[in-house]
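Q: Next come the chains, spelled out residue by residue.
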Amino acid sequence: MLKAIRPKNKVIVMYLFIPVLIYVFTVFIPLIAAFYFSFFKWKGGPKKTFIGLENYANLLTDKVFWSSFGHNIYLVVACIIGQIGFAFVFVLMINSRLVKFKGIHRTFGFFPSTISAVAIGFIWKIIYDYSYGLLNYFIDKAGATEWFMNVMNNGQPLVWKDMTSHIMLIVSIPLIWQFIGYYMVIILSAISSVDQEIFEVAELDGANAFQRAVYIIFPLIKNTLLVCVTLCIAGNMKAFDHIYNLTKGGPGTSSMVMALYGYKTSFRDHNMGYGSAISIGIFCCSLFVIVLSQQGAKLISKDKGGAE
Amino acid sequence: MKKKLLSALLSVAMVSTMLVGCGSTATTETESAPAAEETATTEAAATDEATTDAAATTASSEVTYKGDIEIMHYSTAEEENSKNGGATAFRYAIGEWEAAHPDITLTQNVLSNNDYKDKIATLAASDSLPDVFMLQGMNTANWADQGLILDLTDAIKNSPYYDKYTQSYFYAFTADDKQYAVPALTAGTCCQVLYNKEIFKAAGFDEFPETWAELIAAQDKIKAQGVDYVMGFANGDAWQANSCFLSTLGDRFTGADWTYSLIENTGSKFTDEAFVNALTATKDIFASGLFNPDFNSASQQTGNDYYVSGQAASVICGNWDATYVYTNADPELIAKTGIAVLPQPDGATASQKTHDIGMGYGLAINPKVAEDPEKLAACLDLIYEITGPTFADYVAENFALTGLTQTADVDLSAFDQFTQDCYTFNENPGCEIYDSYIDSAVIGVLNQDVQAMLSGQMTPEEVAEETQAEYDSVYGN
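Taken in sequence, the protein lines are chains A and B.
So the numbering used here is basically just the index in the first sequence, starting at one, shifted up by 1259.
So the numbering used here is basically just the index in the second sequence, starting at one, shifted up by 70.
This is chain A alone, in the form it adopts within the complex:
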């Protein structure tokens, strides 16, 4: 950068210091506080009893916590495939010369991302409703009720929110639906930053759409996709509001995720100490998953000799 227009280091540091301060105040201090509280038996009042690592010992054997962790991982996998995968395919479709009204497609694709998660929860609650829901209405109109009953629910009525064996799929669909547009925007901008001539040359050389997608577009935007994956993991490890509004983690704990379990323990069961331990547990699990994914990303980059 040119020396002449570069502000003094002091000025840069001072400006950068403001967001850091906010960040420390809203993220690190609560994190440290939660870590501190997790060593106490604290039933939500001024009285706290120090119990050392007992909360963590309980956490390690807590079936609900670990099944919630499993559900988070399910969400991560489902959303990487669903959100980023579909977004990639949709972007390729929108970019195709055959598609008209690209602006409208982009706008409507992005639209669900702008709706609050609470509203999404309610919308899908209505879609899944047993008696008045859209889904059952269309299945009924298509005359496929019996088929769905046999395939999805062992011949039982189609009460979507009560299908224990498919409940995670049922709660991930709204999440996937909402965020496809978000990843579409990121991937679109990545593709548009690539020199368009490359695609034209490929087309002239006779590469078909599939080959162009796999051998040209995909490697060129690989790094952006890896960012998308990281965002997707971070987003789904903290999944809360959709599920809270749809099923509240039920029936039983079959759609419980870690954040929801921490919330329930802290604020509904008034068990703040253990709730704090759960929060730290979430932090560690997320750290583990993200480090793992970063290592995986590094391996992928190395294998294919990707530009770093």
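For the record, the hints were derived by calculation from the structure and aren't laboratory data.
Here the structure is a predicted model, which means the values were calculated and not measured.
Honestly, I wouldn't trust all of these hints.
Straight line, CA to CA, 30 Å or less: simulated DSS-like cross-link-like pairs of lysine-lysine [unchecked claim]:
#1 B:K136 <-> B:K227
#2 A:K1384 <-> B:K248
#3 B:K267 <-> B:K423
#4 A:K1384 <-> B:K353
#5 B:K438 <-> A:K1306
#6 A:K1300 <-> A:K1497
#7 A:K1300 <-> B:K153
#8 B:K293 <-> A:K1400
#9 A:K1300 <-> B:K293
#10 B:K153 <-> A:K1322
#11 B:K353 <-> B:K339
#12 A:K1306 <-> B:K339
#13 A:K1307 <-> B:K438
#14 A:K1384 <-> B:K293
#15 B:K291 <-> B:K423
#16 A:K1307 <-> A:K1497
#17 B:K293 <-> B:K406
#18 B:K248 <-> A:K1306
#19 B:K271 <-> B:K423
#20 B:K267 <-> B:K153
#21 A:K1300 <-> B:K438
#22 B:K291 <-> A:K1400
#23 A:K1384 <-> A:K1400
#24 B:K353 <-> A:K1307
For chain A, the structure is supplied; the task is to place chain B on it using the hints.
A: Chain B only, in chain A's frame:
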């Protein structure tokens, strides 16, 4: 590598932002009730009576405090608009008191019940509770132990309306023989059956069937009258099966002594045979095909809506649902709606015709208020008034409901048959509501596990064992 680690840490930090701010998003509605024009008579006149000992011994007419009082409750304007009797009278009584005490600035923080539970838990955790607030029965023992609520035993005895209090309602707010709150709002059943008399008559029942076996055997006959389901129910929030079903059904199997022993931790266990039988009966009844198929995941009003829309021949519900049905159903349907107690399950002999009833919330005072005796006297006066005759007469006259304070005989003749039936229904023998007494963590596990049991994921034995394990860890057995 350093960069990688940093980016990993940053991504994790993004995740961890959820650690902050859960439950602080509740919207608050701060409002000051409109000053009623009429001046209250007793309070204004009696200021000349000298009182020195303000704490605990004051009667209603000796308020000398000038300043702020903060009260938090959940009787919202929305509830008043939907003709909820308790909420309407509560807001009325507060308005009356406020008008009678112009020197006191009463700040009301009113939230919906769900938001209220989150907010009050957060305030309790940070030891910053308001001066006067609604205490849920199940938190009494824990919060008393934490020193979050003031011992009101003497204050209650000194209440000007003490003779008129229904003493049994204090049980939920008692810990170690001390009383910590004055039961507020209305006393209503948590478990009753509303049924369409015409349909049941056509199916051969002049009265509602007395046993589940009879009801289950007759279900085809009842459905043949043009309804989809015999009974409506909604357990989507997981507490309904406990509060509006199991508390009553459990009592039929275990009897009251078992419940008291469980509350006081003197021997009863969830794993006791009687309670496991109650769980088994619950599972079987819900699996019998009587109910709407989505009973286990449908949200609060769904069960009532099935009844209102004529899809279900009856509905199991609490008194608040009865209000909902009353305000939303066709008057013709209300005219042919009967009210019955929950039928008797096979093998249950400990009690009959019981229904769980009580007052789930009481008004409690923050111990910090006691540092200023004048303020304490004012807070107590406020509590006496909004649980006293002002409230009780208002709900009796306008809604045929009862509160803590007994009123002179209510003239029911002005009300329709349904409202009268609701009033007389409460004369059936009462039993306790589990979630008014047992620690919230134990209730959390029980609710969750019963829901899992009803969806076929757990056996009654597993539910009993898991709940007992939580009970043992909470009560330190």
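Q: Determine for every hint whether it applies to the structure shown.
A: Evaluation of the provided hints:
no.: 1; hint: B:K136 <-> B:K227; verdict: holds, 25 Å
no.: 2; hint: A:K1384 <-> B:K248; verdict: violated, 45 Å
no.: 3; hint: B:K267 <-> B:K423; verdict: holds, 19 Å
no.: 4; hint: A:K1384 <-> B:K353; verdict: holds, 26 Å
no.: 5; hint: B:K438 <-> A:K1306; verdict: holds, 15 Å
no.: 6; hint: A:K1300 <-> A:K1497; verdict: holds, 25 Å
no.: 7; hint: A:K1300 <-> B:K153; verdict: violated, 42 Å
no.: 8; hint: B:K293 <-> A:K1400; verdict: holds, 24 Å
no.: 9; hint: A:K1300 <-> B:K293; verdict: violated, 53 Å
no.: 10; hint: B:K153 <-> A:K1322; verdict: violated, 44 Å
no.: 11; hint: B:K353 <-> B:K339; verdict: holds, 19 Å
no.: 12; hint: A:K1306 <-> B:K339; verdict: holds, 28 Å
no.: 13; hint: A:K1307 <-> B:K438; verdict: holds, 19 Å
no.: 14; hint: A:K1384 <-> B:K293; verdict: holds, 28 Å
no.: 15; hint: B:K291 <-> B:K423; verdict: holds, 24 Å
no.: 16; hint: A:K1307 <-> A:K1497; verdict: holds, 27 Å
no.: 17; hint: B:K293 <-> B:K406; verdict: holds, 18 Å
no.: 18; hint: B:K248 <-> A:K1306; verdict: holds, 19 Å
no.: 19; hint: B:K271 <-> B:K423; verdict: holds, 21 Å
no.: 20; hint: B:K267 <-> B:K153; verdict: holds, 25 Å
no.: 21; hint: A:K1300 <-> B:K438; verdict: holds, 24 Å
no.: 22; hint: B:K291 <-> A:K1400; verdict: holds, 29 Å
no.: 23; hint: A:K1384 <-> A:K1400; verdict: holds, 20 Å
no.: 24; hint: B:K353 <-> A:K1307; verdict: violated, 39 Å
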